[in-house]
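The whole structure should be built from the sequences, with the hints applied where relevant.
There are 2 protein chains.
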Amino acid sequence: MADKITSRQEDYSQWYIDLVRSAKLADYSDVRGCMVIRPNGYAIWEKMQTALDGMFKATGHVNAYFPLFIPESFIAKEAEHIEGFAPECAVVTHGGGEELTEKLYVRPTSETIIWSSYKKWIQSYRDLPILINQWANVVRWEMRTRLFLRTTEFLWQEGHTAHATPEEAQEEVIRMINVYRTFAEEYMALPVIVGRKTDSEKFAGADATYCIEAMMQDGKALQAGTSHNLGQNFAKAFDCQFQSKDGVLEYVWATSWGVSTRLIGALIMAHSDDKGLVLPPKLASRQVVIIPILKGNKEEVRAHARFIARALNHHGIPTFVDDSENNSPGWKFAEYELQGIPVRIELGPRDIAEGKCVAARRDTLEKTELLLDDTLPANIEEILNNIQQNLYDRALLFRQENTVEVSSWEEFKAKVEKGFVIAHWDGTAETEALIKEETKATIRVLPTDEDYRQQYNMDEPGTCIHSGNPAAQKVVFAKAY
Amino acid sequence: MADKITSRQEDYSQWYIDLVRSAKLADYSDVRGCMVIRPNGYAIWEKMQTALDGMFKATGHVNAYFPLFIPESFIAKEAEHIEGFAPECAVVTHGGGEELTEKLYVRPTSETIIWSSYKKWIQSYRDLPILINQWANVVRWEMRTRLFLRTTEFLWQEGHTAHATPEEAQEEVIRMINVYRTFAEEYMALPVIVGRKTDSEKFAGADATYCIEAMMQDGKALQAGTSHNLGQNFAKAFDCQFQSKDGVLEYVWATSWGVSTRLIGALIMAHSDDKGLVLPPKLASRQVVIIPILKGNKEEVRAHARFIARALNHHGIPTFVDDSENNSPGWKFAEYELQGIPVRIELGPRDIAEGKCVAARRDTLEKTELLLDDTLPANIEEILNNIQQNLYDRALLFRQENTVEVSSWEEFKAKVEKGFVIAHWDGTAETEALIKEETKATIRVLPTDEDYRQQYNMDEPGTCIHSGNPAAQKVVFAKAY
Ligand SMILES: [Zn+2]
Ligand SMILES: [Zn+2]
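Residue numbers (the UniProt record's numbering), protein chains in the order written: chain S, 1 to 481; chain B, 1 to 481.
Since the hints were derived computationally from the structure, they do not count as laboratory data. It is possible that some hints are incorrect.
All copies of an identical chain are treated as equivalent in the list; a pair is satisfied when it fits inside any one copy or across any two copies.
[As the list claims (entries may be wrong)] 35 Å max Cα-Cα, derived DSBU-like pairs, lysine-lysine:
1) Lys220 - Lys440
2) Lys57 - Lys332
3) Lys47 - Lys479
4) Lys236 - Lys4
5) Lys4 - Lys57
6) Lys202 - Lys245
7) Lys298 - Lys4
8) Lys275 - Lys413
9) Lys202 - Lys440
10) Lys57 - Lys24
11) Lys57 - Lys282
12) Lys24 - Lys236
13) Lys298 - Lys245
14) Lys77 - Lys103
15) Lys119 - Lys24
16) Lys103 - Lys202
17) Lys282 - Lys119
In structure tokens:
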């Protein structure tokens with residue numbers, strides 16, 4: 001059984017660590033900064049992969065696989081890129097018992113190794129677009145780690161596309177950040193703000209970075225996915241030109257986009273509670289647990305439990321029975337609440353006699369009596385749908401309640417300690433840096449979503465919250481993971 | 001369009017390379033010994049993963065993920081293991097800009113890093129069994145590489161299980177080699193011999209290795225999957241004990257088992273021909289291509305082609321239309337034969353008028369006229385089933401025709417140049433080594449399958465083909481990839 005979980009109130013960071021370890025989602029390994037993703041955690045990643053992979057394929061992408069190792073000279077070809085990534089790389093210096101003539105970097109991201117292939121594959125406009133995604137592990141040396149959110153090795157997908165025109169590339173960038181938004185909202189039940197990053201916060205080597213930003217239960221922001229317009233930067237670095245329809249040689253236009261296992265951390269921090277994991281049903285590999293109350297004719301209770309499980313599974317609701325006698329029903333209730341199983345069905349001899357059962361939903365812990373007849377699957381499905389919707393609604397409400405517009409610097413400093421702060425910014429990197437230095441808050445996003453911009457009058461001109469200079473728009477500030 | 005492919009007759013090795021590159025399955029990268037798996041090749045791996053992952057889950061396994069890096073001291077804990085793997089490892093010596101105090105090996109296989117976690121997870125018999133699989137990349141430094149078959153980095157799955165008794169562990173070892181056999185036969189259409197490896201050929205750190213061995217079209221053997229009984233070797237190396245039901249501390253029993261992207265190489269070498277890839281329908285992500293002959297009322301032909309594609313897709317037969325006018329039908333026929341699409345449907349204005357189409361199957365290149373009515377999906381499905389069966393049958397026939405029993409050393413040396421040779425062996429590592437030295441042939445497998453043993457009278461005692469000493473059984477020799 002689980003160790004006690006610290007409450008969110010008492011210590012939010014400790015709550016997160018306790019939960020991840022008690023629910024057996026992940027563990028630190030004996031390798032500094034690297035995690036073990038345990039079966040309960042990996043099952044969430046598999047559900048995420050299946051949903052995302054389907055969305056990538058529906059938008060015309062195919063999967064491929066490129067090498068783990070990147071020669072030092074490749075990383076060095078794009079100036080901003082090497083400056084951003086080289087310091088946090090793991091470096092292979094020996095292979096097959098010998099010292100290598102050129103060092104190999106373990107990929108921190110794959111733009112360079114992929115563009116060294118694209119250069120060979122692209123001659124003419126007929127070879128474009130290339131719409132490739134890769135599921136892979138990447139390594140970025142981290143000094144301070146946190147399970148799922150920041151580890152030296154993590155799993156992700158990285159899309160890398162090549163286009164004949166800047167318009168097409170920009171369309172792709174927007175298409176994919178919207179795919180991430182849909183995934184976050186519809187599968188993770190996580191409301192996100194879609195928008196651009198400032199130049200200081202963008203990807204090393206990109207012309208522009210789009211992101212989705214979510215709010216965690218402690219009011220901090222978490223960047224949940226990014227989509228980069230790479231312009232012609234990598235095509236130029238790898239001398240990748242194509243013959244256009246007009247017979248002119250031009251550099252190829254590029255995008256890249258990715259999400260990672262940090263989404264599992266976001267999922268936990270957005271929805272879970274002091275009893276443990278709360279999972280949106282769409283990302284739960286097991287949606288229902290049936291716990292028979294083994295009294296009286298135990299075998300009859302067991303048989304009924306199995307029969308109901310078969311019926312629910314038959315209706316596409318993944319269900320399992322825990323009828324072991326090693327643990328009490330109470331122990332099992334706590335254990336599956338900890339594991340985040342969305343619905344628990346309790347079933348005793350009296351229930352069976354009365355033709356009913358009790359269904360407890362994980363998000364609100366409410367219990368409902370349901371009939372043990374052919375209405376059961378539809379009733380369970382409705383509860384699951386309600387959970388999925390309720391998680392989204394309450395996360396959105398929480399974000400709204402913790403988003404505040406401010407117009408004085410004193411107010412800014414006070415409010416940015418928890419939640420999102422909407423304030424005017426003069427558009428300079430200098431002001432951005434000063435605010436970060438003084439408050440540790442950063443500009444999370446310049447929202448692009450029209451509804452969001454209108455809700456907070458983002459386009460209204462005003463005075464910069466820090467410099468006092470004229471500001472063309474408001475932006476979203478927060479402390480972030 | 002593809003470059004010309006060398007014929008198998010002319011140069012089998014060159015044929016393989018030409019095919020892999022022309023069909024855009026894989027490419028060498030700019031990193032020595034590492035390949036790029038291109039979308040056409042990766043699509044095969046995805047089909048393999050889906051089928052295998054389903055079989056693993058059906059036998060009670062769950063997925064997890066362990067670190068890429070293994071501390072040098074871990075690899076060193078199992079004596080045979082370090083001797084076998086350390087010389088072929090890639091070694092990380094620097095991370096985050098600093099020299100590491102302990103070198104990290106990029107995993108060549110994960111027994112050691114996984115058992116360092118299992119040690120923490122296992123206290124009592126209640127914690128057993130652990131039935132975990134991992135999908136991952138691994139690195140083994142290779143001097144001589146061949147796309148898919150032998151590369152420095154490759155993709156694989158590795159199962160790692162922990163058990164309370166040696167009987168349970170052995171059951172698992174046999175269960176999983178049989179899963180591989182079923183996968184090879186039913187999905188890859190590849191007949192395999194199931195059996196044990198000799199001690200000289202077993203996994204470094206195992207008590208016993210079971211394998212499936214397949215024959216390629218040049219008569220060479222290819223090891224397509226292995227399942228290892230690791231005894232208590234790794235539990236002892238990592239001091240992993242559990243309290244048994246009787247309250248006694250015992251070391252845990254272990255297995256591991258894996259298949260890799262080398263299966264794609266096996267698939268190609270077993271079935272493909274001088275025109276290109278031949279794919280078993282069950283591993284083809286696109287089973288049917290419709291090529292409209294664009295004459296007369298082109299739009300009507302196109303519309304019919306799309307209508308048929310929808311009908312076939314609706315019946316679960318993945319179908320696409322190539323109606324581009326950039327390339328001629330003849331060019332398309334060759335291109336999709338190269339890519340191994342199992343069935344091609346040709347459809348011209350006259351066919352439509354007569355209510356029929358022509359279906360060409362990739363394995364035999366035979367053409368059949370089919371009616372354009374609601375019998376079409378069932379007829380196409382029958383052709384697909386026939387292809388799947390025919391590929392298996394002809395590979396089995398080929399193996400039988402190229403398996404020979406010999407009783408003299410002269411005959412052995414002649415016959416072992418191509419195909420499998422069944423011969424008596426005295427059971428000593430010394431004889432095994434001498435035979436390898438003189439002929440480059442190895443003992444591929446001590447078959448465990450009763451049918452196979454009976455077919456070749458494997459249990460018949462006799463005289464060792466090389467030493468002339470008494471031999472209790474016959475074994476299977478071959479040159480191998
Ligand atoms: Zn200031
Ligand atoms: Zn000899």
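These are the hints, each one checked on the structure:
1. Taking the shortest Cα distances, Lys220 and Lys440 sit within 35 Å of each other inside one copy (11 Å), while across copies they are farther apart (64 Å).
2. Taking the shortest Cα distances, Lys57 and Lys332 sit within 35 Å of each other only across copies (24 Å), while inside one copy they are farther apart (40 Å).
3. In this assembly of identical chains, Lys47 and Lys479 lie within 35 Å of each other by CA distance solely inside one copy; the values are 29 Å within and 43 Å between copies.
4. Within a single copy, Lys236 and Lys4 get their C-alpha atoms only as close as 55 Å, which misses the 35 Å cut-off; across copies the closest is 32 Å, which meets it.
5. For the identical chains of this complex, Lys4 and Lys57 are inter-copy neighbours only, at 31 Å across copies versus 43 Å inside a copy, given an alpha-carbon limit of 35 Å.
6. For a Cα distance limit of 35 Å, the shortest separation of Lys202 from Lys245 inside one copy, 33 Å, qualifies, whereas the shortest one across copies, 57 Å, does not.
7. Taking the shortest alpha-carbon separations for Lys298 and Lys4, only the intra-copy value of 31 Å comes in at or below 35 Å, while the best inter-copy value is 71 Å.
8. In this assembly of identical chains, Lys275 and Lys413 lie within 35 Å of each other by CA distance solely inside one copy; the values are 33 Å within and 70 Å between copies.
9. For a Cα distance limit of 35 Å, the shortest separation of Lys202 from Lys440 inside one copy, 17 Å, qualifies, whereas the shortest one across copies, 57 Å, does not.
10. When the C-alpha separation of Lys57 and Lys24 is checked against a cutoff of 35 Å, the pair qualifies both within a copy, at 32 Å, and between copies, at 19 Å.
11. With identical chains, the CA atoms of Lys57 and Lys282 are at most 35 Å apart both within one copy (19 Å) and between copies (20 Å).
12. Taking identical chains as interchangeable, the C-alpha atoms of Lys24 and Lys236 lie at most 35 Å apart only when they sit on different chains, with a minimum of 25 Å there against 46 Å within one chain.
13. Taking CA atoms no more than 35 Å apart as the test, Lys298 paired with Lys245 passes between copies only; the shortest distance there is 25 Å, against 76 Å inside one copy.
14. Proximity of Lys77 and Lys103 under a CA criterion of 35 Å is satisfied in both settings, with 15 Å inside one chain copy and 28 Å between copies.
15. Proximity of Lys119 and Lys24 under a CA criterion of 35 Å is satisfied inter-copy only: 15 Å between copies versus 44 Å inside one chain copy.
16. For the homomeric pair Lys103 and Lys202, the shortest alpha-carbon distances inside one copy (27 Å) and between copies (33 Å) are both at most 35 Å.
17. For the homomeric pair Lys282 and Lys119, the shortest alpha-carbon distance between copies (33 Å) is at most 35 Å, but the shortest distance inside one copy (40 Å) is not.
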